[in-house]
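Visitor: Sequence lines, in order, name chains A, B and C.
Anchor point for the first sequence: position 136 equals 136 in the numbering used here, and the numbering is continuous, going up by one each time.
Anchor point for the second sequence: position 111 equals 1111 in the numbering used here, and the numbering is continuous, going up by one each time.
Anchor point for the third sequence: position 58 equals 2058 in the numbering used here, and the numbering is continuous, going up by one each time.
Read the hints as simulated data drawn from the structure, not as lab findings.
Please note that a few of the clues may not be correct.
To be verified - Cut-off 30 Å, straight-line C-alpha distance, at most; resulting in silico cross-link-like pairs (DSS-like, lysine-lysine): (1) A:K143 x C:K2069; (2) B:K1083 x C:K2018; (3) A:K242 x B:K1270; (4) C:K2175 x C:K2219; (5) B:K1138 x C:K2175; (6) B:K1180 x A:K216; (7) C:K2069 x B:K1217; (8) A:K254 x B:K1217; (9) A:K216 x B:K1217; (10) B:K1277 x A:K254; (11) B:K1217 x A:K242; (12) A:K216 x B:K1083.
Here are the chains, one letter per residue:
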Amino acid sequence: MRDVHLEVDAGEFILLVGPSGCGKSTFARVLNGLIPHFYGGELTGEVEVCGMDPREHPTYEFAECVGFVFQNPENQLFFTSVERELAFGLENLGLPREEISRRVEQALREYQLAELRDRSPYELSGGQQQRLAIASVMVMQPKVLVLDEPTANLDPFTAMRILALVRRKTLEERVAAIVIEHRLEVALPFATRMVVMVGGRIVDDGRPVEVVARQKHVVGRLHALELVEHLAQAGFSLEVEKPSPEHVALSIVKAYRVSRLAARRKRSDPG
Amino acid sequence: MQREESVVIQVRDLYYTYPGGVEALRGVNLEVYQGEVLAIMGENGAGKTTLIKHFNGILRPTRGQVLVKGIDTRQASVAELSKIVGFVFQNPDHQLFADTVYEEVAFALRNFGYPEHVIENRVRWALNLMDLWKYRSKSPFSLSEGEKKRLTIASVLAYDPEIIVLDEPTAGQDYLQKEKISETINLLRLMNKTVVMVTHDVEFVTEHVDRVAVMTKGRILAVGPPQRVLCDTQLLRESRLVPPQLIKLSLILRRHNILNEQEYEWRADKLALKLVKILESDTNGGPSGI
Amino acid sequence: MEALRAFRFKRENTVIDKADPRVRALLSASLAALSLYAQSVEKHLMVILTVLAVAAVARRLRKLAGVVKAALPLSAVIFALNWLVGSRTDLVQPLVLALRFLALSASLSLFFMTTSPDELSLMLESMRLPREYSMLVTMSFRFVPTLALDVEAVMHALQSRGLELERGSITRRVKNYLYLMVPLIVYEVRRSLMAAEALEARGFGSPRKPTRYRELRAKGSDYLFVVLLAVYVALFLAL
């Protein structure tokens, strides 16, 4: 990484993208101290996450504030029962048993894991495993949630449901989410902000719709947004709130209705 | 299709149950034609990977039959079938083991008994094709993820199988890596190979694929050209497939009576032209375009 | 591979399952100790029958019978070797040794069949084993099925490149299986690094002693079991 500047507020859902090897995973691991402690290396500059500098605090001190969900659910589920998995992080925090019990029960309900409470992760589907991984981390009530390619092993339908869950949590609990994802069509509709990294540097940071338009040669294109661009070139500019086909479609419907209304008025009032 | 329509893989009434008791395939029938690019899609757990593992004998039918170029997969070993069907696995890390990239690619050729001078030519050709020749003396473990993926493809291409099966070739790949894989698929098509791929990437499919087979719960729901299959809302809903962006968009426009089915377009520029016409005809106060 | 299945835990709802895991450990350990102590064929048969009886109560009789069946070949080898090495006329001693092997396998697998890895780690922690070590045990169990899948994946990947594991001479095939080692080891080392990362991210490794969500608490029925067990042992020794 080189010369990285970033500020993240509560409630943001940041989509962090960039080609393989651009440094996004490295960056993510600074946020909870895995860099520099687990991985070594040299970290210079000003870093403050939840008021702490990762160079001065070991990773376990970040666990309360930064939740990290990794790509492969297999490697972050350690126990043979869902319930035990949820309790693990809380035990590490040293919380009293009643509090652990309360939070575990709440998580089982909120993340729809109640019927699965005794199951081993081996018996869960990929989507359920990832939901469990997120729940195990969220149960610790972090202020920051980092997800490193959380949907890589999931089909698009399940992937979108997982990301919708994350989005809901950023709104409900004012958690700041940083999501690393390659598939724009899956993740972009949920993002409030998009950051692009190339070669260890941040090359763009801003509203998803705008950033995608500027960075298509790096991050690929979204067909729905391509359509908006072509329409704009033909003289029809659309206002698109979110970079999803649904939003673009609705903008087109709106534009169509407006133009029909105008046409009808023109016809009924020639003078 | 302009290509010769001889069947290279025949799946007849295939049932498969895993040792743990899970019935993954329930009566699958499929024909794969020579030279085509076929995509198998469906949600996780639908049976896609289970199905393709029958194509080179990794799995053998519990009931039913799978014929590869006329050979019953029960009668041949995986190594033997792999000569005809090259399998590119999703995770390169499951198979890398050699000291050098060169040796990694030569492995299959040695197993199949090719003479050394042929091996040298083939390895060079395959590595050059995948732009990896410069790494030939390096350890395969030192390559980046994208390079490892290309290495596994090179390892399969080197022994020139007729049929190539890819398990989620674009999973976890960034934009540029996906472009490279696109090029590779086009190349395979030019080489008249038969390509079968399991994928979730609908956008990729619309650009490269002749036919799509949609699976759900161990069965094939439909097989056909992507233009037909991926516009069928009922089918998409039943198989929990996310349609391509522009189709999703067109379906919404259709619900609002702005487009009709004949006007569905896959490409943004073509769709834009259609929409411009529709929007313009209204602004001019003329008859609506529908 | 089949033998491993004997040690796989599956949840049931019997009185044996509801008992405190320490009681079950005590049961299996006692039976194993009695088997080591006993010198007669009858006593060993009694141990084996007891294990089968408990398994029946735990609704796992068929599974346990399967374990005994799987252990028979090795048991027969023990019999044969001891017969050859000892005096040829004495059949009792080799038989005792063969039965001892069966009794030990049966009582050990009875414990693992009825105890989940989580209960096992709870039990170890209640015996003052530090969290790191009890987690070693739990995670080993947790990852065994995953590991089995990885072995299969590597096998399939290499077979698909022409590595012949199904045909040919035994020596050839054994040599070919060795090719699986490198990718498998690299893969598992990577996996363990990723798991280590995830453990740290979840707060593991803090010098602060972790609290325990679940505590083992012995019930009245557990004490009853212990009493019954004591009676059994006494009778066994007396007979």
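Visitor: For each hint, tell me whether it holds in the structure or not.
Guide: Hints versus structure:
Distance hint between K143 (chain A) and K2069 (chain C) is unfulfilled; the C-alpha atoms sit about 56 Å from each other, more than 30 Å. Distance restraint check for K1083 (chain B) and K2018 (chain C): the Cα-Cα separation of roughly 55 Å exceeds the 30 Å cut-off, and the hinted pair is therefore not satisfied. For the proposed pair K242 (chain A) and K1270 (chain B), the alpha carbon gap of about 22 Å is at most 30 Å, so the pair holds. At most 30 Å may separate the alpha-carbon atoms for a hinted pair to count; K2175 (chain C) and K2219 (chain C) exceed this at roughly 54 Å.
Taking the CA atoms of K1138 (chain B) and K2175 (chain C), the gap is about 25 Å. The hint holds against a cut of 30 Å. Simply put, K1180 (chain B) and K216 (chain A) have alpha-carbon atoms about 16 Å apart, close enough for the 30 Å limit, and the pair holds. A hinted pair counts as satisfied when its Cα atoms are at most 30 Å apart, and K2069 (chain C) with K1217 (chain B) does not qualify at roughly 37 Å. With a CA separation close to 39 Å, the supplied pair K254 (chain A) and K1217 (chain B) exceeds the 30 Å bound.
Distance hint between K216 (chain A) and K1217 (chain B) is unfulfilled; the C-alpha atoms sit about 37 Å from each other, more than 30 Å. Simply put, K1277 (chain B) and K254 (chain A) have alpha-carbon atoms about 16 Å apart, close enough for the 30 Å limit, and the pair holds. With a CA separation close to 33 Å, the supplied pair K1217 (chain B) and K242 (chain A) exceeds the 30 Å bound. As the CA atoms of K216 (chain A) and K1083 (chain B) are separated by approximately 40 Å, the hinted pair breaks the 30 Å bound.
Violated hints for the displayed structure, listed by number in ascending order: 1, 2, 4, 7, 8, 9, 11, 12.
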